Amino acid sequence: MASRQWFIRRRFGFGFRPRTWQGWLITAIAVGAAIGGFTGLRKSGGEILTVGVVGLYLAVGYSFGGMTKQLKTEALENSAGDLAVEYAVAKVTVPPEVYGSQTPREIAEAIVSRSGQFADTSEKDTMKDSVIVVEHLTKQFGSRVAFEDVSFNVRRGEVFGFLGPNGAGKTSTVRTLSTLVTPTSGTASVAGIAIDSGHDVEIRKRIAVMTEVPGLYLRLSVTENLAFFAGLYGFSDAQPRIDRALEAVNLSSRANDLCGGLSKGLRQRVGLARALLNDPEIIFLDEPTSGLDPVASLDVQNLIIGLRDKGVTVFLTTHRLDEAEKLCDRVAILNTTLRTVGRIDDLRQRMFQESILVSTVSPLIDPARLFSAIDSVTGWSNDDAGGYVITVSDVRVAAPAIARALVAAGADVLSLAEGHHSLEEVYLELVGAAGKVGTQ
Amino acid sequence: MIRKEFREYRRNRFIIYTMGTLPLIFTALPVITLFSISNSEDPTTVRTQVAITLLLLLVIPVVLPATIAAYSVIGERDQGTLEPLLTTPVTREEFLLGKSLAATIPTVGVAYVFFIVLVVAIRLGAASIVSHAVWQPSWFLAELLFAPLLAAWSVWVGTAISARSSDVRVAQQLGTLASLPALVLPLLMSLQVFKPTATTAVVIAVALAIIDVAAWRIVSKMFDRERLITGASAVTMRAEAGT
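If you read the sequences in order, they're chains R and S.
936 is the number of the first residue of the first sequence in my numbering; add one for each residue after it.
57 is the number of the first residue of the second sequence in my numbering; add one for each residue after it.
In case anyone wonders, no lab produced these hints; they're calculated from the structure.
Heads up, some of the hints might be wrong.
[As the list claims (entries may be wrong)] No more than 20 Å apart at the CA atoms, straight line, and that leaves these computed lysine to any residue pairs for SDA-like:
hint: 1; chain 1: R; residue 1: K1199; chain 2: S; residue 2: G136
hint: 2; chain 1: R; residue 1: K1199; chain 2: R; residue 2: S1225
hint: 3; chain 1: R; residue 1: K1140; chain 2: S; residue 2: V146
Remember, predicted model here, so these are calculated numbers, not experimental data.
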């Protein structure tokens, strides 16, 4: 949590005002001295003292306000240095005892607690081609932390999935990156422009945001809604853009219908069409398939793939893990803090050991003895279907060995296949089955 | 922004009906009184009655836009259109100016139309003593100057309330109440507290113009997009977070 400053900069005018009891005490002393100086002493020495005290108050307020900010900046820079070398922390500084932990969740928790993030270490030169760069971003609403110390980057032209349970801070992150809200601390740049640099308008020209609620003017038609937003971007060729956007979302036939008469799913599509109007470099999609039927969802998914093929960067927040698994090049999982970020396959490999699934006609007589005799087998368990899940150190070595062992034991093997862990399993391991908000 | 607002007004007939009928309600009695005056009335009394009626017409640009302005920002938030709108390159000054002009222009139009219809009707149907008192350049100048200035004041007050309110109903009620102080001016003049001379009119018009421009700046600064979208004040949040 951020430290509380004694004084805080005034919103209007210049200078500071007290914010905590320390600030008020200093102010009271300064004001008391000023009053006493003018009423009591009435001498040049007293007046000098009064001026000196008031000046001291201003100097103390300014210096403490500035110092706290400076200290915080230094603290951030120091912590950034500890985590530097582009996400190499997870493999370099985590001590060996972490890898002795028994379950993937224990490993993940240990790494997260030490490094604050568990990032993809296999990707080089990610910063050069990044259109979104987030570093130690935090957002608080009063005493409630929406998200904390989040760092990641999004490469140009990729579909980046941003996952997390309800209340994890996904929408707050999107709002921060789209310059709707200002961050509490940390930095971020979108389309090469820092979000707190006063160039918000420039950022918004290059991005588009499809909010979870489409937010349409219900008394206006689809075309009128799109024409209004096209006008806000200052386009002179609004109609061709509107036509293209409607065609992309398959709504050309409903162009003149009032939005108030459309179903939720159709309004969602109008919202998506609106996001396509300005040919954005980066498009933020907040639950784009929410409320859509399977066919419409598929259309939207194909549209997202099409956008990626055109080089548009897609920042996708979704609850639908199957959709994320299908569409996303990389994902980040957020639960107030960032739990992980990386390619889905890499996450699976890091989170779970390789495994082989075996099913037999009848249960094995002594599976413990059978499997423990194989060098590359690290453990085994029964699965729900009556088969066996065998964790191995190397599938390519273990699979033939297991097959030979089973045949030698006279087992009637029905199937032997490499185990596959879904994104949902990764997600649940990191977030928890209940999807609790804010759990570390 | 203005075009979009006008489209919405047209599609919502109630707004148009209200704009058309409210002026009639405010000015019915004084207007009827004017038409009932005969040529034998005392000229001073006639001039006083004319002043009361024409100054009451200045109530129209104050009261008409109050609820529209009060709905302008909070209404967008309630219907979910504020957030998508704020993600576009439109600045808050442009947004507020567009909203305010969209409320001011039709209000001033209604006020002018009503004034013109009234003076023409008086010219054609009222006693000549009344017609002579009404058809003075000073009244035309006053209507021309004060209608937009008073309307702008009422709109900025309503927009300021709308930008800081959390509920549409509260905003509309407060907006109507807050626009009432602007009525003090024509009321004082109609009660002869001070005489409406040309000099007074120009001075007051200049003051109102300065106030209106300053109000735009102040309302722009009051527009806290973070608070409007999330419900929490950015200043308060930064203060509590210690930044």
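Hint-by-hint comparison with the structure:
no., hint, verdict
1, K1199(R) x G136(S), "14 Å, holds"
2, K1199(R) x S1225(R), "9 Å, holds"
3, K1140(R) x V146(S), "9 Å, holds"
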